[in-house]
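The lines below spell out each chain.
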Amino acid sequence: MEKQEYTVVSDSETSEDKHLSPFPDSAIGIDIGTSQCSIAFWNGSHVELLKNTRNQKLIRSYVIFKDEIPSGGISEDIAHNEQEIFSGSAIFNMKRLIGRTDTDPVVHRSKALPFLVQTLDIGARPFIAALVNNVWRSTTPEEVLAVFLVELKAMAEDRLKRPIRNAVLTIPVSFSRFQQTRIERACAMAGLHVFRLMPEPTAVALLYAQQQQQSIHDNMGSGSEKVALIFNMGAGYCDVAITATAGGVSQIKALLGSTVGGEDMLQNVMRHLVPNFDLCANRGMPEIKAMGFLRIAAQDAIHKLSSQTSVPINIDLGNGTKVSRTLERLEFENMNSEIFDKCKALVMQCMHDAKVTPKDVNDVIFVGGCSNIPKIRDSVLELCKRNNHYEGMNPLEAAVCGAALEGAVASGISDPSGSLDLLTIQATPLSLGIRVNGNLFVPIIHRNTAIPARKDVLFTTSQDDQTEALIIVYEGEGEKVEENHLLGYFKISGIPPGPKGTAEISVCMDIDASNVLRVLAGALYPGKQQAVSPFIEVRMPMVDDGHGWCAEALVKMYGSTIDLATIPKKA
Amino acid sequence: MSVGFISSGVGGVDATRTPLFGRPTKQSPQHVDRLSFRTRAAVDEGFVAEKEKSFYDLLGISEKGTLSDIKQAYREMARRFHPDVSPPERADEYTKRFILVQEAYETLSDPGRRSDYDRRLAKGLHFAFSPRRFDQGLDRSEWKSCWQNQVEGLRRRSMDKAAGENMSWAARMRRKREGFSEE
Chain C
1 MEKQEYTVVS DSETSEDKHL SPFPDSAIGI DIGTSQCSIA FWNGSHVELL
51 KNTRNQKLIR SYVIFKDEIP SGGISEDIAH NEQEIFSGSA IFNMKRLIGR
101 TDTDPVVHRS KALPFLVQTL DIGARPFIAA LVNNVWRSTT PEEVLAVFLV
151 ELKAMAEDRL KRPIRNAVLT IPVSFSRFQQ TRIERACAMA GLHVFRLMPE
201 PTAVALLYAQ QQQQSIHDNM GSGSEKVALI FNMGAGYCDV AITATAGGVS
251 QIKALLGSTV GGEDMLQNVM RHLVPNFDLC ANRGMPEIKA MGFLRIAAQD
301 AIHKLSSQTS VPINIDLGNG TKVSRTLERL EFENMNSEIF DKCKALVMQC
351 MHDAKVTPKD VNDVIFVGGC SNIPKIRDSV LELCKRNNHY EGMNPLEAAV
401 CGAALEGAVA SGISDPSGSL DLLTIQATPL SLGIRVNGNL FVPIIHRNTA
451 IPARKDVLFT TSQDDQTEAL IIVYEGEGEK VEENHLLGYF KISGIPPGPK
501 GTAEISVCMD IDASNVLRVL AGALYPGKQQ AVSPFIEVRM PMVDDGHGWC
551 AEALVKMYGS TIDLATIPKK A
Chain D
1 MSVGFISSGV GGVDATRTPL FGRPTKQSPQ HVDRLSFRTR AAVDEGFVAE
51 KEKSFYDLLG ISEKGTLSDI KQAYREMARR FHPDVSPPER ADEYTKRFIL
101 VQEAYETLSD PGRRSDYDRR LAKGLHFAFS PRRFDQGLDR SEWKSCWQNQ
151 VEGLRRRSMD KAAGENMSWA ARMRRKREGF SEE
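These protein sequence lines are chains C and D, in that order. Sequential numbering from 1 applies to the first sequence in UniProt numbering. Sequential numbering from 1 applies to the second sequence in UniProt numbering.
Treat the hints as calculated values from the structure; they're not laboratory data. Yeah, the Cβ is synthetic: ideal placement off N, Cα and C, and Gly gets one too. Treat the hints loosely; a few may be bogus.
Just a few of them, taken from the derived set where beta-carbon distance is under 10 angstroms, the chain C residues facing chain D [to be verified]: (1) Ser224; (2) Ala244; (3) Ala246; (4) Val249; (5) Gln251; (6) Asn276; (7) Asp278; (8) Leu279; (9) Val409; (10) Ala410; (11) Asp512.
Could you build all of it, start to finish, from the sequences and the hints given here?
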């Protein structure tokens with residue numbers, strides 16, 4: 001520390017040389033997808049995607065467990081085939097499982113995956129295991145992700161000939177802050193420092209901002225503000241964002257995410273093809289194998305239905321069940337109509353939140369594998385009253401390119417041509433608030449608030465002569481606290497006694513530029529804006545696994561004796 | 001107040017121009033991160049003046065500025081004060097500035113809120129935004145107006161419910177499906 005301090009004087013001189021040519025400090029961008037992963041870096045003039053030994057830019061995300069040695073197969077010459085990946089010995093879809101409890105519907109839907117996902121429905125983490133030598137060997141989503149990231153990091157270090165430490169990772173919009181800590185933990189296990197976690201569509205927005213800036217340089221653009229709607233749908237999540245861009249500044253107007261994705265459509269197709277096949281049943285080797293065949297056939301059919309109106313299916317599941325039929329695109333659309341409706345609802349809500357109408361939207365950007373599905377494209381374009389979408393970016397590479405740009409910008413690299421002269425003003429995707437008036441959730445920082453942000457609200461006591469109050473912090477949009485994610489809790493004491501509703505308790509929330517949330521609370525002398533005793537400051541989230549239990553324990557222990565209340569309205 | 005902005009805006013340019021801010025050494029961003037709110041309050045000194053400026057002053061535009069003037073001024077200010085592009089040793093101070101600028105932009109870019117604000121400004125009651133009100137000793141009337149704003153905010157929130165804002169997503173969707181939609 002000491003040493004660092006007196007090297008600072010010459011810092012501005014030396015950092016210049018340091019940042020030239022190989023960009024040693026530049027953070028790389030990583031897009032961990034539910035099904036595919038990619039990694040990109042700023043090479044001095046533009047963003048470049050790294051390729052694995054099989055010359056692929058998009059790397060299948062899975063970890064296969066064989067003889068005690070887990071492997072992501074990134075640097076192997078021959079890829080594992082689909083049948084191997086679906087044999088129960090590989091864990092995939094970790095992005096859907098990470099940081100979720102066994103009561104989460106997404107975890108329940110994941111029970112149809114070939115590996116073991118066991119739930120006891122008690123609000124603890126689910127049990128996840130891979131089949132190794134005919135034994136289910138337990139693991140965790142964090143561990144699987146870490147194994148995968150270690151290989152990804154090794155591959156990048158080999159290609160770039162430098163150690164990699166800092167990374168910007170993209171995450172789904174709907175990820176809770178608790179899930180974000182799990183991603184950070186997995187990265188730490190893999191020796192990566194998370195420079196920033198970026199919601200996927202905001203990474204795309206940054207790339208769009210750069211492209212708009214570029215077209216002004218090339219005298220093609222007008223330089224005025226452009227509004228883009230970004231629709232991102234992959235195997236696990238669906239996100240929508242609206243960005244307003246001008247002069248290289250990308251301002252996120254609204255963000256909305258959901259856990260619907262290609263995996264749900266895939267399971268619908270599987271159920272549709274073999275209606276009496278229980279995907280989640282307790283299973284032995286023959287069932288897993290049959291399910292693997294079915295999964296491959298369903299996957300293939302979905303891909304083909306994007307370009308053709310019907311697809312023949314001929315599979316032998318090996319357990320006596322044979323499927324021989326034609327699947328029509330219309331059938332596919334009907335069985336997934338709920339998912340498509342959900343996508344439309346997200347787009348409408350996001351436009352509403354951003355206070356934009358279809359005529360304000362200059363571009364519609366599609367990213368993610370599932371945004372290639374004709375029905376989805378058509379309905380999003382229809383909602384935006386447009387005939388075509390923005391063609392300027394690769395839908396499978398846009399997010400990782402944006403992450404790499406952010407990595408370069410946030411590492412302080414500047415580019416003489418001005419192509420890194422960019423800024424993203426992020427917004428909070430979920431509201432942050434506390435439990436008040438029993439089990440009601442009162443937001444303090446509303447969703448789509450620009451970051452950094454700082455907001456405070458006054459509350460009061462719910463009981464006469466109440467001297468203590470619990471501050472229980474949640475994240476989400478539900479009106480009741482149970483519908484939201486618990487982030488943490490603490491107690492403030494020393495409230496001056498008095499009739500209920502007279503005390504003043506200030507609760508302040510602060511999100512800094514690195515998206516760190518702090519909650520600061522304490523009692524004030526009523527009407528005097530003066531603190532009774534030192535405030536308490538807590539960095540959130542502070543809960544660990546099994547956080548569902550914490551909230552229950554608090555309610556059981558304290559009931560409503562130290563509840564907070566909203567300030568009653570006075571004439 | 002006229003605020004010049006740096007056209008190239010990003011990164012170290014500002015750092016080389018401006019003297020180090022009160023502290024002899026550069027601190028790593030992580031270190032700045034961990035500063036407590038109390039320490040931040042100390043850093044606040046000399047910053048109070050900013051709070052007494054009107055939203056128009058903060059954005060450096062005239063009170064007759066158009067929406068596009070407001071947007072442009074906001075982007076210029078963001079390029080200057082957003083902590084991502086500010087010199088690390090001033091990140092804390094700039095973060096506060098950015099939050100003020102953001103508040104100014106949000107108020108002035110919304111026609112309804114802007115006319116409310118203009119009315120208050122005409123009456124000289126424009127210090128609605130004060131993130132550290134309890135230890136900066138605002139006078140009684142100001143405090144009351146802050147408090148009233150909050151109550152008003154809460155009331156607005158409960159009214160908004162009827163308009164479909166701030167409801168849970170599911171509740172909104174249910175409502176929409178029931179045919180409640182003016183758009």
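| Numbered hints the structure breaks, given as an ascending list | 6, 7, 8
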